[in-house]
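A.B. asks: Given next are the chains, with one letter for each unit.
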Amino acid sequence: DTAVSQTPKYLVTQMGNDKSIKCEQNLGHDTMYWYKQDSKKFLKIMFSYNNKELIINETVPNRFSPKSPDKAHLNLHINSLELGDSAVYFCASSQTGAGYGYTFGSGTRLTVV
Amino acid sequence: DQQVKQNSPSLSVQEGRISILNCDYTNSMFDYFLWYKKYPAEGPTFLISISSIKDKNEDGRFTVFLNKSAKHLSLHIVPSQPGDSAVYFCAASVSSSNTGKLIFGQGTTLQVKP
Numbered sequence: 001d002t003a004v005s006q007t008p009k010y011l012v013t014q015m016g017n018d019k020s021i022k023c024e025q026n027l028g029h030d031t032m033y034w035y036k037q038d039s040k041k042f043l044k045i046m047f048s049y050n051n052k053e054l055i056i057n058e059t060v061p062n063r064f065s066p067k068s069p070d071k072a073h074l075n076l077h078i079n080s081l082e083l084g085d086s087a088v089y090f091c092a093s094s095q096t097g098a099g100y101g102y103t104f105g106s107g108t109r110l111t112v113v
Numbered sequence: 001d002q003q004v005k006q007n008s009p010s011l012s013v014q015e016g017r018i019s020i021l022n023c024d025y026t027n028s029m030f031d032y033f034l035w036y037k038k039y040p041a042e043g044p045t046f047l048i049s050i051s052s053i054k055d056k057n058e059d060g061r062f063t064v065f066l067n068k069s070a071k072h073l074s075l076h077i078v079p080s081q082p083g084d085s086a087v088y089f090c091a092a093s094v095s096s097s098n099t100g101k102l103i104f105g106q107g108t109t110l111q112v113k114p
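Residue numbers (my numbering), protein chains in the order written: chain S, 1 to 113; chain U, 1 to 114.
Think of the hints as simulated: they come from the structure by calculation, not from any bench.
As the structure is a prediction and not an experimental result, all values here were calculated from the model.
Any given hint could turn out to be false.
[To be verified] For lysine-lysine, the following DSS-like pairs were computed, each having C-alpha atoms within a straight-line distance of at most 30 Å:
#	chain 1	residue 1	chain 2	residue 2
1	U	Lys37	S	Lys41
2	S	Lys67	U	Lys56
3	U	Lys56	S	Lys41
4	S	Lys71	U	Lys113
5	S	Lys9	U	Lys56
6	U	Lys5	S	Lys36
7	S	Lys71	U	Lys68
8	S	Lys41	U	Lys113
9	U	Lys68	S	Lys9
10	U	Lys101	S	Lys71
11	S	Lys22	U	Lys56
12	S	Lys44	U	Lys101
[Said to hold, decoys possible] Covered stretches of chain U (in silico footprint by chain S; criterion: 3 or more residues with CB under 8 Å from a CB of chain S, positions within the stretch not fixed):
#	stretch
13	20-30
14	70-76
15	99-105
We put the CB at the ideal spot given by N, CA and C, even for glycine.
This is chain S alone, in the form it adopts within the complex:
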C-alpha cells in the first residue's frame, strides 16, 4: 500500500519526444512536489502544488508542465525532451507548512538518448 507512487520507474526515450510521469499519494496530504536529482546528486525543487494550486515554480524550462487534477495527483509532462533532461525525478507530498517532512516516491529515472 504505497504512500507516494510514481510511474514509470524507468523511462528511456529519444530526444524530441514528449513524455509524462505520474504521481499519486494516498496520505491525504495537501501539498505535492516535483524534485529533480541531477548528475551532481543535488535534489532541486521544480514545482509545488497546494490543493491543486501552483505555489512554487522554480526556474524550469517551459517544456516542463505540471498538472494536478486533484490534490492526490501531480503529473509532470515534458515536451521536446533534451539530453540534459536525463535525471531522476522524485515526487513528494507533505502537509501544509514547512516543518513537515516530505514523503517521497521511489523516483523515475529518465534517460534521453
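Chain S is already provided as a structure; the job is to place chain U on it using the hints.
C.D. replies: Only chain U this time, still in chain S's reference frame:
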C-alpha cells in the same frame, strides 16, 4: 548558488563506531532542518529534524546538532550499523514561507563496515 552544502561526498566507518555527517548552510532565514536517508532505487525517507529554537534533537541512535552561529548542523549515529549504509541528505526550510519548500544538500554516502 547552493544554499545547503554537504562537503563530504562519502564517509566510511566501522560497525559500532560513531558516524558524523556534516552540513553547512548559508541562508540565515532557514529555521527548520531535516535529515533524510536514501537507499539505492528508493526515494529519500525522513530521519530526524530540528528547529532553530533548539540546538540538539535526539531520536534513538540518531542525534542532530545545530550550531546557528556557524550555520552548521551535524547528524550523529551511535552506534553505527551496516543497515545505516545509505546516502544521507540534509535539508533546510524557512517555516514562515509556508510553502513547505525544502532546499537539499547533495548528500553524503555512508558506508558502515561490519
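A.B. asks: Compare the structure with each hint and give your call.
C.D. replies: Against the structure, the hints:
For the given pair, Lys37/U sits about 14 Å from Lys41/S by alpha-carbon distance, which is consistent with the 30 Å threshold. Of the supplied pair hints, the one linking Lys67/S and Lys56/U is violated, its CA atoms being roughly 40 Å apart against a limit of 30 Å. The hinted pair formed by Lys56/U and Lys41/S meets the criterion: a straight-line CA distance of about 27 Å does not exceed 30 Å. A threshold of 30 Å between alpha carbons decides the hint, and for Lys71/S with Lys113/U the separation of about 43 Å lies outside it, so the pair is violated.
Only pairs whose Cα atoms come within 30 Å are accepted, and Lys9/S paired with Lys56/U is rejected, the gap being roughly 37 Å. The suggested pairing of Lys5/U with Lys36/S holds, with an alpha-carbon distance near 17 Å, which does not exceed 30 Å. A distance of roughly 36 Å separates the Cα atoms of Lys71/S and Lys68/U; the hinted pair therefore is violated under the 30 Å criterion. Distance hint between Lys41/S and Lys113/U is fulfilled; the C-alpha atoms sit about 23 Å from each other, no more than 30 Å.
For a cut-off of 30 Å, the pair hint linking Lys68/U to Lys9/S is broken: about 39 Å separates their Cα positions. In summary, the hint linking Lys101/U to Lys71/S is supported, as the alpha carbons are separated by about 17 Å, within the 30 Å threshold. For a cut-off of 30 Å, the pair hint linking Lys22/S to Lys56/U is broken: about 38 Å separates their Cα positions. A hinted pair counts as satisfied when its Cα atoms are at most 30 Å apart, and Lys44/S with Lys101/U qualifies at roughly 10 Å.
A stretch counts as covered by a chain when three or more of its residues have a beta carbon under 8 Å from one of that chain; for the stretch 20-30 of chain U and chain S the count is 0, and the coverage is violated. Requiring three or more residues with a Cβ within less than 8 Å of a Cβ of chain S, the coverage given for the stretch 70-76 of chain U is violated, as only 0 such residues are present. A count of 7 residues in the stretch 99-105 of chain U with a Cβ less than 8 Å from any Cβ of chain S is obtained; the coverage claim is therefore met, three being the minimum.
The structure fails to meet hints 2, 4, 5, 7, 9, 11, 13 and 14 from the earlier list, while all remaining hints are met.
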